Structures are given as C-alpha cells and as structure tokens.
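Each chain, letter by letter, is given below.
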Amino acid sequence: MTALRPARSPSRPSRRRAPWSLAPAAALVGFLGIALVAPQVLATHDPFALDYAAALQPPSLAHWFGTDESGRDLYSRVVFGTRESLAIGLGAAAVGLAGAIVLGALAALGPRPVAAAVDRLLEVLFAFPALLLALLLIAIAGPSALTQILAVGVGTAPGYARMVRGQILAAKNSGYVQAAVALGHTRWRILRAHVLPNALRPLVAVFALSVGQSIVWASSLSFLGLGVAPPSPEWGALLDAGRTYIVQAGWLVVIPGLVIVALALTATTLGRHLQAGLERGEK
Amino acid sequence: MRQRPRTTLPLALGLTSMIALSGCAAGSASSSSGERVEGGTIVYAHQQEPPCVFGGWIEQAYLSYQVLDNLVSLDEDGEVVPWLAEEWSASEDGLTWTFTLQEGVQFTDGTPVDAEAIAYNFDYWVAGGNSTAQVWLQDYYESANAVDERTVEIHLKAPYPRLADNLTQGYFGIQSQHALETRSDEENCAAPIGSGAFTVEHWTRGQNITLVRNDEYTSWPANAEHTGPAYVERIDWRFVPDGTTRVAALQSGEVDAVYDVPAVQWQSVEDGGFELHRYITPGRPQQLSFDTKEGPFTDQLVRQAFAYSLDREEIVGTIGHGVIPWEGNGGVSQATPGYSEKAAGWYSYDPDRANELLDEAGWTERNSDGVRLKDGEPLKVVLPYGAGSILNADGAAILQGVKEQASEVGFDVELVPVPQSELFAGAYSTPEERDFEVGYWTSVTAGILYINWRPSTEEAPNYNNGAFYDDPELAAIILEANSTADVEAQNALYAKAQEYIAERALAIGLYDRLSTLAVDPSLRGVWQEHAQGGPTFYDAHFVQ
Amino acid sequence: MTRTSSSDAPVVAGAPAPAAARPSRLRSAGRLLAGRVVSAVVVLWGAATVAFFAQQLLPGDRATVILNIRTGRAQRRTPEELEPIIAQFGLDRSVLQQYLDFLRGLVVGDFGTSYQQFRPVTAILGEQLAATVTLSLVAIAISWVLMVVWVTLTAGRGPRVGAVGSGVDVVAAGLPHYWLGIILLLVFALGLRWFPVMGGTGPAGIVLPALTLAIPLAGFMAQATRTEFERALEQPFVVSARMRGMGDTAVRLRHVLRHAVLPAVTLSGWALGATLSGAVVVESIFSRPGIGSVLVTAVNSQDLPVVVGVVTLVAVVYVVANLAVDIAYTLIDPRVRLS
Chain A
1 MTALRPARSP SRPSRRRAPW SLAPAAALVG FLGIALVAPQ VLATHDPFAL
51 DYAAALQPPS LAHWFGTDES GRDLYSRVVF GTRESLAIGL GAAAVGLAGA
101 IVLGALAALG PRPVAAAVDR LLEVLFAFPA LLLALLLIAI AGPSALTQIL
151 AVGVGTAPGY ARMVRGQILA AKNSGYVQAA VALGHTRWRI LRAHVLPNAL
201 RPLVAVFALS VGQSIVWASS LSFLGLGVAP PSPEWGALLD AGRTYIVQAG
251 WLVVIPGLVI VALALTATTL GRHLQAGLER GEK
Chain B
1 MRQRPRTTLP LALGLTSMIA LSGCAAGSAS SSSGERVEGG TIVYAHQQEP
51 PCVFGGWIEQ AYLSYQVLDN LVSLDEDGEV VPWLAEEWSA SEDGLTWTFT
101 LQEGVQFTDG TPVDAEAIAY NFDYWVAGGN STAQVWLQDY YESANAVDER
151 TVEIHLKAPY PRLADNLTQG YFGIQSQHAL ETRSDEENCA APIGSGAFTV
201 EHWTRGQNIT LVRNDEYTSW PANAEHTGPA YVERIDWRFV PDGTTRVAAL
251 QSGEVDAVYD VPAVQWQSVE DGGFELHRYI TPGRPQQLSF DTKEGPFTDQ
301 LVRQAFAYSL DREEIVGTIG HGVIPWEGNG GVSQATPGYS EKAAGWYSYD
351 PDRANELLDE AGWTERNSDG VRLKDGEPLK VVLPYGAGSI LNADGAAILQ
401 GVKEQASEVG FDVELVPVPQ SELFAGAYST PEERDFEVGY WTSVTAGILY
451 INWRPSTEEA PNYNNGAFYD DPELAAIILE ANSTADVEAQ NALYAKAQEY
501 IAERALAIGL YDRLSTLAVD PSLRGVWQEH AQGGPTFYDA HFVQ
Chain C
1 MTRTSSSDAP VVAGAPAPAA ARPSRLRSAG RLLAGRVVSA VVVLWGAATV
51 AFFAQQLLPG DRATVILNIR TGRAQRRTPE ELEPIIAQFG LDRSVLQQYL
101 DFLRGLVVGD FGTSYQQFRP VTAILGEQLA ATVTLSLVAI AISWVLMVVW
151 VTLTAGRGPR VGAVGSGVDV VAAGLPHYWL GIILLLVFAL GLRWFPVMGG
201 TGPAGIVLPA LTLAIPLAGF MAQATRTEFE RALEQPFVVS ARMRGMGDTA
251 VRLRHVLRHA VLPAVTLSGW ALGATLSGAV VVESIFSRPG IGSVLVTAVN
301 SQDLPVVVGV VTLVAVVYVV ANLAVDIAYT LIDPRVRLS
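Protein chains in written order, with the numbering used here: chain A, 1 to 283; chain B, 1 to 544; chain C, 1 to 339.
Rather than coming from a laboratory, the hints here were simulated on the basis of the structure.
The structure displayed is predicted, hence computed values, not measured ones.
Take these hints with a grain of salt, some might be off.
Quick list of in silico lysine to any residue cross-link-like pairs, SDA-like style, CA-CA up to 25 Å [claimed, not checked]: (1) B:Lys403 / A:Arg243; (2) B:Lys157 / B:Asn491; (3) B:Lys380 / A:Asp46; (4) B:Lys403 / A:Ala43.
Hey, can you work out the whole structure from these sequences and the hints?
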C-alpha cells in the first residue's frame, strides 16, 4: 500500500505530522495489547456463554456492542477475538514477508538462470488473483487458522517479493556499493554490510502495513466462510455470522467491521510513521 | 451474453396492468381486489442454483416440477391422485404395478407420452439418470414394460405398497424418451423436455432461468385448481443465495415471490402484508446420528447422556424465532406418516441424568476445562457439518447451542464447518473421522428409514447409513414395514423402528427442515406441492 | 481486496537501464513488445500449470468427486459406480498424460468440459466474462473520477486540508470490500431503497457493486497521485502559468494533473486484475453473476476444469492489461525506460 511511490520520486516533503494524529492509534494499540494478553480484564461477559433470553439486543449499557442471535455479548466476543485475529494477521504478514525476502533476494542476487526463473515465477504468482491462491490452498488443506495464515501469506508474498527485488537492485547499483567494489571488498561482505541492510530496512515499516492488510485479507476469507470454525470470535467470522441478521441487528456486522478497519488504519499509520522516520534517518 | 434488458419486465407488467385498469375503470371500483390478470411474468427468487434442471438435488426437483409431469401427484390430504396416469393398481402379490396413462398427452417436442416412454424413464432413473430416484428404486425395481400404448407395467423384486406415494416427488418427473436418446447431455441438463406446464426458455448461469408457458398443456394434476394452460406467461426463476437480499427484494417489489424466508425476518414479512407459506418437509429431519462404530459414542450410555444434556426446544425456539419447529425424533419428522410421538419424546433436557450416565460409563474425571476424562482421554467428539449446503446459517447457530449445552455435562464438541467441495471429496465420511452425522433427507413416507438404516454389507455397501449401524434386527422391522400393504400396520412398524432408534439413542432429532415461501399480495394461486414443498406456479396469476 | 504491493513502475524504473546506445524509438518499442509477448506466453503457461497441479493436490478421488457433485450427495462410491465416470473423463491416464492433453487443449482453446454443467468451460466463461469485465471497467472509471476530483480539491492546499485529504485516501484504501459492500447495501439498497437489492446486470444494479470496488481503489490511486501532484505544483511551468494569469483550477487541471497521473495509469492496469479478485466478494454480496461467482461455486464443488479455466482467463486479462499499460507508459513518457 505504501510502496506505491515510484522509486525515482523523492520522499514526501518531510513535514512532521502533528503528534496528536498518533494518539488514537497508540490508544488502540494499548487496548489491543491488553486484549491480547488478558482479555478477561476488558471483557464484561463470558464470550461463549449462551443467554437465549437476551438474544439480538442492540448496544446498551449492559451490552456495549449489543448481543448476537444466541445472546452472547458482542463486545466481549470482540475482545476475546483479538488474540486469534492478531495472531492470524501477524502470522500471515510474517509468512508473506519471509517468502518475499527469499524470493526477492534470489531474483535480485541469485545466479543468472535462478534469478530469471524466480523472476518468471514471481510474475506467474503475481498474475493470480491473490484470493484465488488462497482459495486453492484452502481447498487443498481445509479451512483453519493455520491455513488462513499460509493462504494470506502466500497470497501477498509475490507482491512484496517484487518490491524486495527492486530495493536490492537499487541498493546494489548505488554509489556506496560501487565505491565498496572499487575498494576491493568481497562480494559477501558488500552484500552483508551494505546491500541487505539498506534494502531490508524499509521492510520494517512494510511489515507494520502488511499486518493491517493481512487482517483485512484473512477476515475476507472468514467472510466467505473459509476461515476459523465457529464459535470462534475471530473478527471476520463474527462479521460473517452477523450477515443473516443485518436488517434486524446491523450492529453485528457494522461493529466488527469497524474494529477491523480501525486496526488496519492503525497499522497503516504506524507503518507510515516508521517509514518516514527511516527515510529521515537515511538522509 | 444474451441479456434481456431488465426494465422491460416491470414495464410490460405495468403496461398490462394499466390497460387492465383502464378496462376496469368502466366497471365498479370495488373490482380492485381479486380480478385475475392474464399473462405476466412471475419473478421468483430461489436460494441455490443447481447444475442441471433435472436431477437428484431438492433444488432440481423444485425446478423440474414446473417443466416435467409425474405419473401421479400428492394432494393436500396426502392422497395419491392422478396426473399423467389416470389410474393404477398393484397385483395381488404386490410385485406388479400397472399404470394407465391419460390419452393424447404429448411432450413439448411433439412425441407422445406413451407407455414405452414411461418404461424408458424408469430404466433411465435406475441407471443413474436421477440419483435420488435411483436409491429409492434400486433394491425393489426389477423391470418395466409397455403392455400397450397407454398401459405400463412395473415389476418389483419385493412388494412396495407405497410406490405410488414416492413417485409423486419431483425426482420422478417424466421426460421425452426421444429427447433423452437423441440430444446431448448438455441439452438435457439445461432444458429437459417434458410435458409440463412450462418449458425452459433460457438459462443465464449465475443469474436466472426463464420458463415460458406451454400453451398446449393438457396434463395438469388432479389436485390443481384449474384446467388448461398456466395463467402466467413466464417465470423468471432467479438465484439469490442471500436470504436477507431475497426478502428485501420482495419488500421493494423487485420480485413477486421468494423461497426460504430467514426465521428472524418471518414476522416483518408477515407484518408487511405478504402471504407466507410454511411446509414442514416429511422424511428425515435435521438430526444428529451418532457414530456407533468408533469412538465414545459406541457406548449407548454416552449417546443417551448426550441426548439428555440438550435443551433442544430452547435452542431451536430462540434461533428459529418460533418459525422452525424443534424435533425430538431422530428417524423421521413430525410431518411424516407413521411418525412416533413416543420416539420424539424419549429424551428431554435432564443434565443430572446426563451426568449420572457419564459417571456410569466411566467418564468420571474432569480436566481444568470441565471436559470429562476416561483413562486420561478427554471426551472429545467431532461434529462436521456441510456449512452453507446441508445446514444454513440458522442450523449452524443451533449447532453452537448444542456444543455449548453439551459442554455443561463435560462433552468437548468440536464443530467443523466443511465446505461442499470437501464433502464431495469424501471428507468426514468414515467412522474414524467423525462422531456425528448431521443432515436431512426429504421423503413422502417413512420408507426413508430403509435408506438411512439399511445395514452396509460387503456386496452392497450403504453409505447413507450415517450411524454406521449395521443391525439386522432394525433392518428386519423396516423391511417388513416397507412391504406391508395395510397403512396402519405399516405405520405401526415404522413407529416401532423409530422407537428402536430412540431407545438406543442411535440418532436424535434437532429441528424440522422447512420449505417456506413469501408471496406478494398481487400474486395469487401459488401453492407448495405436497410431496416436498416446492413452489408450484401452474395456478398462479396476478390480480389487481 | 487490494493487493499490498509495489506497482510495476518502481521495479521497472529501478532496474538497470539497457546499456545499448539510444536506438530509434520505434525499434525499441517493437523489441519491447516482442519481449513482452514472449514473457506473457511464459506467464500464461506457468499460471495454467500452477492451477492444474494445485488442483491435482486436492484431496479425494476425482471420480468420486464428480459423481458426488452430479448427484448432490457426499458419500463414498463403489467401483462399479465410478467406472463410467473414469472412462468419460479419462481419469485412468497418468497425470503427465492428463497434463499434456490439458496443454494441447489450451492451445486450441479447449478448456475441457465442466463436471457439473456438462458444458464446455469456454462457453461458461464466455457467458460470465462480460458482466465481470463491465463491473471492473466501470469501477476503474468511477475510481478515476473520485480520485481526480478529490486530489485536485485537496492537494497542495496547506497542511490542514492536505492532512484531511491524505487521511481520507488512507481510510478509503484500507476499507475491506466485504464490509464496504455490506454497508452500501444496508444504507442505499435496504435502507434508502435508491438502488435495487439484487444487483442484476442493469445500469442501476451496477452502481453499488462498482462503488464498492472503486472507493478503495480511488484511495489507493490518490495516495500515489497526491505526492506527484504536490511535487508538480512546485515546478517552474506551474509558476509560469500562474504568472501568465491562469486561474488556480485551470492550472491544476490543465498542467499539474497531466503530470501527476502517471503512477495511476500504471495502477489501472494492475487494478483490472485486482478488481477481478474483489469481484469474488462483491458478486457474492450483490448477487451478481460473473467470473467471481463462477469461481466460488467451482472451487466449492471442485469443478476442476472450470477453476483452471478461470485462473487461465484471469492470467490472460492481467497479462494483456499490463502489456497495454507498458506500451501506453512508454508512449506517454519515453523517458521512463531510459531514466
């Protein structure tokens, strides 16, 4: 999402954003951090307990986000769903970036035939709609959290791999590397000391961005009914389950969606700040 | 893509009604209700798109019912009445059935509906032309032959007195022999040729099928409300998977009738002045069969404990909003002839009893999550279900209630939503892979028990026996029932089989599968056929 | 469901420039095209191969699957039942033989026969392609309008407006299709009743599905365009245009925009592929026919020939779109390749 900026353009004007723009993001990260470690502190109800008498109640003081068709408290379910949702997002981002680094490095630095082959492979994988790659994987392995992580990771890796490849090539052709070559440094040393650090540093920011994106992706799969098994409160699964009640109980769809969007935006904001910081650091 | 501009339909409708209106204006204003409008197009939103018009899916039976005629029809009292066959009888020994056909009926390709064509259709079904017709017939059907032009004989291996009842289901629609023999699979799949009130005009895959009136129609069933061709000119049979969308389309006037109203929206549709139809499908209800071959449910005490741990009435009542009836009977649904109340009431919600039974069965310890243990093994059971295919969203919510309630007495139920692709690939089909089977099977009679409980043998495996319960005693009761001609005696035997199943807790009911319809008040005369609740548009007409 | 990735542009631009002396533009474009076509064929072959073998990995016996699809019942089957199916689809051939036959079919445009519908896959795809491509193109067009209007209005108007502008870009780009689609459906179709609930293929039915795809795409493109736009605003030709007394709006539309949209042009080619992916979700929400719903149904029922057909088709669309963009890019801005 970020790296759209063509490499030849300079970075955006290094205007510092007002720090207040980070405050909501920081608050959300704090909240999710607690939800991750100790959801019972934040939850107001048992997220799995059925209370048929309280089914489909709109948001109120007793149930902040309302209740679902079986009377379960949606707020508590969202809180308890944090762990699984974040685990899937982080896992998928890690799988995607790890794959991207390997493939991208091979394409940029491997021996000529390998590089060419990987290059083609990347183009082939990139030609697949990522969702289709994910669908194929799920069809083979069956739906589960692990498949979801792999599916999203595999689906996003080709895009990042092309970016890694570009970064490495750019670093390889930069002045300081050429200077190092002129100084007679070994290939491996140049690679380790100059090319890789410079090429991979921006990926720290990309990782943050990709977590947000991976969560959106993973929840899309859950939405298509290909995610984790019920009654898991994973956010995408909550949204999918709420679809039946969209007219009578719109909050079951709107609220989990808002949470996903908020998290994706937070990850993006943080990623951008990291990126801006790194770019300033480079100068 | 051949695409009819959407706007022409409402426009054409609007025009007809305007013309009709101006015609009425001369008369009295009170004629605004109930005056029949000739022609028009019914826009009907159905839930699932089948691969072919005719076949073994219920979606196909609903669709082909508009296009094909059956030999016989079922009326609202459950009596078999004439359709293509004027009369029929079984021989003394019950082994030969003779059907006499109506005179002068033609398929829409111009060939006659004669005895030879009927005999051909029977052979076609049994050879796999219709997978559902096949499982009903295969163990009883011997052969069929034409005696003369209008008389066909069906020979059976053993008596089956309810044969005619079964033939009323859409799976037994009669097709043109000529079409089956001379046309490609593709053509017969997309537009089968029958003698029905409508013919298939065009199928836009992923969107709709248009059916057009058969103006030469002569072979209406005896329980239809009128004679002659259908009133409306066309049916636009749309495929709209999402229930909320279907209902909203009905409420905004985009469609005239919708199938499967979500329970949660039932009340608002009723309040909106729409006509609601609810049909409880007879046959196997949505039920849980226990795996009696492998795992903890080989122990009858554990099965019974599971049954006692559930308050099925409460779960179904809440999720079903009073629209979906709960069902205690694991054999057949309450709409099935020969239904046993006793079997249905065998297990009520009694967690104390469930706990006692589990203690008795040796599951005495509990781990920190409250799951019972025996020899250190947790009481974990796997419940796979066809998500979005065999069970809809309401069904999935009901299973979550089952999981939660069973956990109170120490079961750890793992729910596994299985996509259709995996089910088709044979996932979760063996005793080692699962502990439950969940699912329904529509049927006119309790003869469905034979399909679901016939023992599996080396030569004739029965993969429809979801409990893996190969018991000659139960099979003997059902077989005897199948061949008993006297209805009361037959029902008593079927009831005995249900109680046998209930007593041993081989299967327990959850809820009854419904076929529901909501119809715009401007459309009258839509009814649900009585064999499995599909919409019937032959008598349907618009009013103004 | 926009794919997080770099566009082609940075990679291409960052790659080492060809060392050759500047050839005539026409020849260079010709060679570029030839090279591109060759690699396009390789990509297509690779995509089809991946799809073929991925499906071979699917669990379960294929003949059982086909029979179960046709009968609508999930169960095991006896060898006698399976025999005709195996014969019909040649499933007793070796995988290699099946693969070779499959490739031969691809070359002559025969994708095989659907297990479910008994019809040639090409017929199924041909029927559904128009609806999805229309949706994609309309979505891309709408996203261009949204993007151009928004960026022209908000870029380079000082830090506050700029922050709001780019904030909206980020939010829009981050909206998941499934959620946006449901909200639009809930508000404008179910609530206000401005649009039909069932998408259909009419002009009124395409608005909400297209908006669902267009809004995130617009945000996405706006991010790329905004940077360029703000940079262009500081260029000498803008200053001179202003000095000539040209109004602000005219400057923005006639001078700045032209320079700023290049990255968005690149993105549009990529977007055609990406919107096809998004179509899977959108078609499901709005009950629209199209490639997306065909794909989901086919994956759901393991209708292998259809799945492989869709994959190959999407690869074709992607390859052709990017080929077109590459050429357009070279023509619009010849410096790109040589910078």
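Consistency of the hints with the structure:
With a C-alpha separation of about 21 Å, the suggested pair Lys403 of chain B and Arg243 of chain A falls inside the 25 Å cut-off, and the hint holds. Annotation: proposed proximity of Lys157 of chain B to Asn491 of chain B holds, straight-line Cα distance about 22 Å (limit 25 Å). About 22 Å separates the Cα atoms of Lys380 of chain B and Asp46 of chain A, which keeps this hinted pair within 25 Å; it holds. Between the alpha carbons of Lys403 of chain B and Ala43 of chain A the distance comes to roughly 22 Å, so the proposed pair stays at or under 25 Å and holds.
Violated hints: none; the structure is consistent with every hint.
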